[in-house]
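Peer 1: Residue numbers (our numbering), protein chains in the order written: chain E, 71 to 221; chain X, 71 to 221; chain Z, 71 to 221; chain D, 71 to 221.
Fair warning: there could be bad hints in the mix.
Copies of the same chain look alike in the list, so a pair counts if it fits in one copy or across any two.
[Said to hold, decoys possible] Mimicking DMTMM-like on lysine to aspartate or glutamate, the simulated pairs with C-alpha atoms at most 25 Å apart in a straight line are:
| id | residue 1 | residue 2 |
| --- | --- | --- |
| 1 | Lys188 | Asp201 |
| 2 | Lys217 | Asp136 |
| 3 | Lys188 | Asp86 |
| 4 | Lys100 | Glu200 |
| 5 | Lys214 | Asp136 |
| 6 | Lys72 | Asp145 |
| 7 | Lys204 | Asp84 |
| 8 | Lys101 | Asp206 |
It should be emphasised that the hints constitute simulated quantities derived from the structure, not laboratory data.
Protein chains: 4
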Amino acid sequence: MKKLIGVIGSGQCDLDVQNLAYQVGLEIGKKNYGLVCGGLGGVMEYAAKGCHESGGLTVGILPQEDAEYANPYIDLAIPTGMGVARNLIIVRSALGLIAVTGRYGTLSEIAYALQLGKPVVGLNTWDISEDIVKADNPRDAVDKITKLISS
Amino acid sequence: MKKLIGVIGSGQCDLDVQNLAYQVGLEIGKKNYGLVCGGLGGVMEYAAKGCHESGGLTVGILPQEDAEYANPYIDLAIPTGMGVARNLIIVRSALGLIAVTGRYGTLSEIAYALQLGKPVVGLNTWDISEDIVKADNPRDAVDKITKLISS
Amino acid sequence: MKKLIGVIGSGQCDLDVQNLAYQVGLEIGKKNYGLVCGGLGGVMEYAAKGCHESGGLTVGILPQEDAEYANPYIDLAIPTGMGVARNLIIVRSALGLIAVTGRYGTLSEIAYALQLGKPVVGLNTWDISEDIVKADNPRDAVDKITKLISS
Amino acid sequence: MKKLIGVIGSGQCDLDVQNLAYQVGLEIGKKNYGLVCGGLGGVMEYAAKGCHESGGLTVGILPQEDAEYANPYIDLAIPTGMGVARNLIIVRSALGLIAVTGRYGTLSEIAYALQLGKPVVGLNTWDISEDIVKADNPRDAVDKITKLISS
């Protein structure tokens, strides 16, 4: 079965964060993991782009009712029609998650992940718990999450 | 239509927090609001007890598939069978929320509420955003949330 | 705890069906049950109107994200933001259901109810299983469902 | 983006139906479609087996909270933790559906599909609407659904 790493973060972000997300996705694909995300723009789009380009499968769990809302780098769209309730499905589908910046939507995902006992690595994200493992850069983030989900 | 205030917090808590939650519920009922919560134990149970005793309607949005899991002070049980995805339905059903302590489940509810732009008043809870209005005691919390949802 | 009877049926219907739904709601309130429905128009609205007028509590489980979409006879709105996934929550919240006419949305609710082993009484609705108890008129429907959920 | 055909049917079934489901899955993979199903046993398992063996991607949208409940032929598990509410997500993720036998759970999926206007092809399944296109055998079913979703 395909092993998925979740990438969560803001739906809108500046160039620096786009690049961070892209590098995270690239590393995930290189390590032969799949990526699961919310399927929309910003961090979700750039992480999916990176993973798609390095040969990884990208899964988008969409809030909308229809697959056409997915960004162009999503290989597999799951349109839930459940709005932000889909945040929990992203978390459940991932073995562990990397949070790249993020606002309140991302915070709901971090909270669910920690409640369910799933590892969370953070790149410039919410600093609300010692349960979030900090990473220095995209490669470090992917190294850390892959170790955490393998142990 | 019945106006509901959400009360969120830990499913297990000590006597001091039980009393805080009870007083919050009592004040909600006195002010003729209904209370919506997760329907289970701890803060949910004591807040429902208070509201029920002061004549307010208590609604429990349950993670389980069956109403029998509701605490004894729930007047109306909505068993979702959707696990913690029900957290979002609690938030959507409330005009505003009072968080009493709480762990990661409560954090997911606070995050959803702030994402949706609903007012949140905090009593000894997560201190993660200036968007959470701090209260000194149960009466202060209910005063503040009722003002926020009326404005 | 309030005992709820679900009323399901088309969101748009002619005068005859509106009257059927209204009579069903009226009988539910007279027997001191609450009513749970999808909270919108057609059968949902007229059943809620009847129940509300005979003093019963009416609960609307809405597909939308906001309570304002409820019809005017809903006492308690639960806006799920989950689209027609809310059909299952209506079924879970009811002890038994009365189907008044209905199209595919109603059929999904009947299917869920029968899958979960909840009694279903039908008034001029889908004739797809002997598990649906047929009723001759609104009073007969409410008599039959109240007997089924009490046994 | 991967195009998915949904296969729905009973979680327990006899050898004849297992073979029908297996043949349906085989044809789906041969035509380079992916398969989405409920991820559990019976029709879901044998259809996934067929599709997996002919090189198609298999997606299982699970009712449970954890991927470990998926049958062995699921390439990608989406554990929703939402019980049978996941039926709707199967329907939304598919361009069209093939129903192989089935009981009330399958009926809820057929109802949702027809409500959303998605094509449904039936193999020995519920005969409740002319909107369900009947097929004579697995190859015929897959031929018919692929034509319907391409038009």
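Peer 1: Each hint should be assessed against the structure and marked as holding or not.
Peer 2: Outcome of the hint check:
In this assembly of identical chains, the alpha carbons of Lys188 and Asp201 lie at most 25 Å apart only when taken from the same copy (10 Å versus 27 Å across copies). For the homomeric pair Lys217 and Asp136, the shortest alpha-carbon distance between copies (20 Å) is at most 25 Å, but the shortest distance inside one copy (35 Å) is not. Within a single copy, Lys188 and Asp86 get their C-alpha atoms no closer than 27 Å, and across copies no closer than 31 Å, so neither meets the 25 Å cut-off. In this assembly of identical chains, Lys100 and Glu200 lie within 25 Å of each other by CA distance neither inside one copy nor across copies; the values are 28 Å within and 40 Å between.
Proximity of Lys214 and Asp136 under a CA criterion of 25 Å is satisfied inter-copy only: 22 Å between copies versus 34 Å inside one chain copy. For the homomeric pair Lys72 and Asp145, the shortest alpha-carbon distances inside one copy (13 Å) and between copies (6 Å) are both at most 25 Å. Taking the shortest Cα distances, Lys204 and Asp84 sit within 25 Å of each other inside one copy (21 Å), while across copies they are farther apart (32 Å). Taking the shortest alpha-carbon separations for Lys101 and Asp206, only the intra-copy value of 18 Å comes in at or below 25 Å, while the best inter-copy value is 45 Å.
The structure fails to meet hints 3, 4 from the earlier list, while all remaining hints are met.
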